[in-house]
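Each residue of the sequence shown is one higher than the last, beginning at 1 in full-length UniProt numbering.
The hints are simulated quantities; they were obtained by calculation from the structure and are not laboratory data.
Quick caveat, the model's predicted, so the values are computed rather than measured.
Glycine included, every Cβ here is placed at the ideal spot set by N, Cα and C.
A couple of the hints might just be wrong.
Claimed, not checked - Result set (DSS-like, lysine-lysine): computed pairs, CA atoms no more than 25 Å apart in a straight line:
1. LYS481 / LYS550
2. LYS137 / LYS204
3. LYS477 / LYS397
4. LYS59 / LYS147
5. LYS254 / LYS204
6. LYS254 / LYS182
7. LYS147 / LYS450
8. LYS544 / LYS477
9. LYS210 / LYS179
10. LYS481 / LYS147
11. LYS544 / LYS479
12. LYS397 / LYS510
13. LYS268 / LYS325
14. LYS210 / LYS374
15. LYS397 / LYS544
16. LYS544 / LYS510
Unchecked claim - Label-pair distances were calculated between CB atoms; the ranges are:
17. ALA132 / ASN21: 37 to 47 Å
18. ASP349 / LEU514: 38 to 48 Å
19. TYR149 / THR491: 54 to 64 Å
20. ASP46 / GLY104: 52 to 62 Å
21. ASN21 / THR281: 49 to 59 Å
22. LYS236 / GLN127: 25 to 35 Å
23. THR281 / ASN89: 34 to 44 Å
24. LEU514 / VAL24: 52 to 62 Å
25. VAL24 / ASN89: 23 to 33 Å
26. ARG78 / ASP46: 57 to 67 Å
27. LEU514 / ASP83: 50 to 60 Å
28. ALA285 / GLU191: 44 to 54 Å
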Amino acid sequence: MSTTGTEASPFSNLTYPSPNNKFVVVVQYTPAQDHTVYEVESSPYDQLQPRLHQFQYLKPGDNVTINRPRMFDLTKQREISTDNALFDNPYELYELDGGWNVEGTEFRFLYNQRGHQVIRVVGMNTQGDVRAVIEEKSNTFIDYSNKLYYRELTSSNSSELVWASERDGWNHLYLYDMKTGKVKNQITKGEWLVRSVDYVDEAKRQIWIKVMGAMPGQDPYYAHLARVNFDGSGFKILTEGDGDHSWYFSDDRKTFTDSWSRMDMAEKTVTRDAETGNMTTDVSAGNLDYKLWPIPERFAAPGRDNTTLIYGLIFRPYEMDNSTKYPVIEKIYAGPQDFYVPKAYMSHDEAHHIANEGFVVVLIDGMGTNWRSKPFHDVAYKNLKDAGFPDRIAWMKAAASTRPWMDIDRVGVYGGSAGGQNAMGALLFHNDFYSVAAADCGCHDNRMDKLWWNEAWMGYPVDQSYEDSSNVANAEKLKGKLLLSVGELDTNVDPASTMQVVNALNRADKDYDLLFIPGGEHGVATTDSYALRRTRDFLYRNLKGVEPPK
Numbered sequence: 001m002s003t004t005g006t007e008a009s010p011f012s013n014l015t016y017p018s019p020n021n022k023f024v025v026v027v028q029y030t031p032a033q034d035h036t037v038y039e040v041e042s043s044p045y046d047q048l049q050p051r052l053h054q055f056q057y058l059k060p061g062d063n064v065t066i067n068r069p070r071m072f073d074l075t076k077q078r079e080i081s082t083d084n085a086l087f088d089n090p091y092e093l094y095e096l097d098g099g100w101n102v103e104g105t106e107f108r109f110l111y112n113q114r115g116h117q118v119i120r121v122v123g124m125n126t127q128g129d130v131r132a133v134i135e136e137k138s139n140t141f142i143d144y145s146n147k148l149y150y151r152e153l154t155s156s157n158s159s160e161l162v163w164a165s166e167r168d169g170w171n172h173l174y175l176y177d178m179k180t181g182k183v184k185n186q187i188t189k190g191e192w193l194v195r196s197v198d199y200v201d202e203a204k205r206q207i208w209i210k211v212m213g214a215m216p217g218q219d220p221y222y223a224h225l226a227r228v229n230f231d232g233s234g235f236k237i238l239t240e241g242d243g244d245h246s247w248y249f250s251d252d253r254k255t256f257t258d259s260w261s262r263m264d265m266a267e268k269t270v271t272r273d274a275e276t277g278n279m280t281t282d283v284s285a286g287n288l289d290y291k292l293w294p295i296p297e298r299f300a301a302p303g304r305d306n307t308t309l310i311y312g313l314i315f316r317p318y319e320m321d322n323s324t325k326y327p328v329i330e331k332i333y334a335g336p337q338d339f340y341v342p343k344a345y346m347s348h349d350e351a352h353h354i355a356n357e358g359f360v361v362v363l364i365d366g367m368g369t370n371w372r373s374k375p376f377h378d379v380a381y382k383n384l385k386d387a388g389f390p391d392r393i394a395w396m397k398a399a400a401s402t403r404p405w406m407d408i409d410r411v412g413v414y415g416g417s418a419g420g421q422n423a424m425g426a427l428l429f430h431n432d433f434y435s436v437a438a439a440d441c442g443c444h445d446n447r448m449d450k451l452w453w454n455e456a457w458m459g460y461p462v463d464q465s466y467e468d469s470s471n472v473a474n475a476e477k478l479k480g481k482l483l484l485s486v487g488e489l490d491t492n493v494d495p496a497s498t499m500q501v502v503n504a505l506n507r508a509d510k511d512y513d514l515l516f517i518p519g520g521e522h523g524v525a526t527t528d529s530y531a532l533r534r535t536r537d538f539l540y541r542n543l544k545g546v547e548p549p550k
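Generate the whole structure from the sequences, applying the supplied hints.
So this is what it looks like as structure tokens:
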């Protein structure tokens with residue numbers, strides 16, 4: 001039925017027969033290019049001589065697999081000609097809930113365009129016509145890896161689709177008519193967002209959702225459970241209590257168990273009526289009285305725009321002298337895929353351990369991180385070097401203004417992976433505030449790291465913005481004390497990225513420390529006890545000006 005398959009562009013085994021088996025869609029594809037990364041294991045445990053490792057690892061700008069759905073008439077045994085103009089540059093294609101509509105007249109799939117600025121639901125019918133059923137566009141990026149949600153409603157052959165979008169500046173749900181491609185109504189709306197869909201009841205035409213920022217006066221990162229009707233009416237938050245909530249339902253979904261806590265409050269648990277949200281049983285309430293270390297302090301202050309609140313935590317030493325000024329250490333990770341300051345209670349031993357050595361430790365989520373408004377997130381677009389630093393610095397200055405024991409003339413920072421890129425970036429782009437940094441396994445140039453993650457935020461094709469955010473290209477700007485650490489067998493971030501920074505620093509005649517771990521994998525500064533000790537000693541020595549205790 002087809003003679004277009006070639007060695008360079010074969011047909012795959014992805015086949016989608018129509019419900020009546022009269023038509024089939026088969027995917028033809030052009031394979032992704034090869035990009036081999038080589039690593040030398042210098043000290044294998046089982047032999048004296050080094051061992052070469054190699055693996056496939058696409059990087060920004062590389063050619064990805066190009067899928068091309070093709071329609072075949074099985075009765076007439078021929079291909080039906082279709083135009084690929086609406087899906088000619090894919091990053092990825094996904095079939096939509098089995099692909100075919102109920103009538104078997106149209107095959108539907110999701111098209112994520114390379115660069116992540118266009119996502120379409122594409123319909124290809126059995127006459128060869130191709131249409132854009134739904135089209136989502138952004139001048140920055142569409143957060144497909146975290147916020148993509150679609151569900152075709154199958155009850156009563158309604159031909160409706162629930163669709164998530166940030167088009168109004170917040171992640172909300174919309175109800176689409178699949179036949180016309182028109183929005184029937186916006187299901188959720190407001191200056192808050194839908195984190196995920198918890199449950200859909202098509203018979204009652206209701207959706208249970210995890211929401212964030214919908215409770216006035218609370219930390220906008222706290223999760224709550226809400227319910228809303230398909231037409232947008234009847235929105236109701238079913239959980240209460242100032243904290244980050246999690247829940248699970250009874251088998252009959254008539255009640256649910258609701259637990260919530262904060263970093264300064266132990267977990268409380270109750271059961272609630274699923275219809276009203278009213279508490280039915282008070283199950284338990286913990287306390288933190290037994291904790292020896294100081295409970296971390298939640299703190300919020302305006303960021304760079306003097307308006308948007310930035311949220312973080314402050315960890316103090318156990319035996320604290322309020323008349324003493326303590327150096328500040330920030331643990332940083334500014335990857336745009338999430339937020340990183342803990343919300344529900346957890347025992348953050350890492351932060352407490354460092355604080356108890358005589359530091360104030362801070363964790364902050366600046367602009368460019370996820371799960372706030374779309375403009376808040378967009379700060380990261382083609383701009384990973386920003387890392388929310390203007391917000392972090394404003395936050396620390398505000399905190400220190402009423403906490404004289406925070407010495408913001410001595411501020412250090414450490415992090416790994418994207419946090420390693422961020423930590424070194426502090427000494428390149430904000431060395432008037434940060435003076436010490438420990439950067440582990442950093443993706444120091446986004447052209448050297450994995451394709452999917454970096455193109456998600458930096459875009460495609462690779463352009464000048466990649467170089468602008470590169471620690472390698474900006475190495476001559478280094479001021480302050482820098483420790484670089486890396487494992488030689490890191491398969492998450494190419495360790496050559498760290499070595500290219502080393503080369504650039506050498507050429508710029510800059511002083512730095514390098515900790516290279518034979519056999520080490522990703523994140524050696526947290527998984528390798530020697531690298532961990534060296535990192536903490538480095539921060540101690542350079543922020544306190546004395547040798548760390550043995």
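Okay, the hints, checked on the actual structure:
A C-alpha spacing of about 21 Å is found between LYS481 and LYS550, which places the hinted pair at or below 25 Å, so the restraint holds. The suggested pairing of LYS137 with LYS204 is violated, with an alpha-carbon distance near 32 Å, which exceeds 25 Å. Between LYS477 and LYS397 the alpha-carbon distance is near 24 Å, which keeps this suggested pair within the 25 Å criterion. Our distance criterion of 25 Å between C-alpha atoms is met by LYS59 and LYS147, whose separation comes to about 23 Å.
Proximity of LYS254 to LYS204 is assessed by CA-CA distance (about 14 Å); at most 25 Å being required, the pair is judged to hold. Our distance criterion of 25 Å between C-alpha atoms is broken by LYS254 and LYS182, whose separation comes to about 35 Å. Under the criterion of a C-alpha separation no larger than 25 Å, the hint pairing LYS147 with LYS450 is consistent with the structure, at around 20 Å. Taking the CA atoms of LYS544 and LYS477, the gap is about 24 Å. The hint holds against a cut of 25 Å.
Taking the CA atoms of LYS210 and LYS179, the gap is about 29 Å. The hint is violated against a cut of 25 Å. For the hint linking LYS481 to LYS147, the alpha-carbon distance of about 39 Å lies beyond 25 Å, and the restraint is violated. Proximity of LYS544 to LYS479 is assessed by CA-CA distance (about 18 Å); at most 25 Å being required, the pair is judged to hold. Between LYS397 and LYS510, the direct Cα distance comes to roughly 29 Å. Violation of the 25 Å bound is thereby established for this hinted pair.
Straight-line distance between C-alpha atoms of LYS268 and LYS325 comes to about 36 Å, which puts the hinted pair past the 25 Å bound. Restraint check for LYS210 and LYS374: satisfied, since their Cα atoms lie roughly 18 Å apart, inside the 25 Å limit. For the given pair, LYS397 sits about 20 Å from LYS544 by alpha-carbon distance, which is consistent with the 25 Å threshold. With a CA separation close to 22 Å, the supplied pair LYS544 and LYS510 stays within the 25 Å bound.
Hint check: ALA132 to ASN21, Cβ distance near 27 Å, so the stated range 37 to 47 Å is violated. The supplied range of 38 to 48 Å is broken by ASP349 and LEU514, whose beta-carbon atoms lie about 28 Å from each other. In this structure the hint that TYR149 and THR491 lie 54 to 64 Å apart at CB is violated, the actual value being about 31 Å. Checked against the given bound of 52 to 62 Å, the beta carbons of ASP46 and GLY104, roughly 58 Å apart, stay inside it.
For the pair ASN21 and THR281, the beta carbons lie near 53 Å from each other, so the given range of 49 to 59 Å is met. For LYS236 and GLN127, the hinted distance range of 25 to 35 Å is not satisfied, since their beta carbons lie about 45 Å from each other. Between THR281 and ASN89, the C-beta spacing of about 55 Å breaks the proposed range 34 to 44 Å. Between LEU514 and VAL24 the beta carbons are some 57 Å apart, a value that agrees with the proposed interval 52 to 62 Å.
Here the CB-CB span from VAL24 to ASN89 is close to 25 Å, well matched to the stated 23 to 33 Å. For ARG78 and ASP46, the hinted distance range of 57 to 67 Å is satisfied, since their beta carbons lie about 58 Å from each other. The given range of 50 to 60 Å is respected by LEU514 and ASP83, whose C-beta atoms sit roughly 55 Å from each other. One distance hint, 44 to 54 Å for the beta-carbon pair ALA285 and GLU191, is violated here, with the actual separation near 31 Å.
Hint compliance for this structure: hints 2, 6, 9, 10, 12, 13, 17, 18, 19, 22, 23, 28 are broken, all remaining hints hold.
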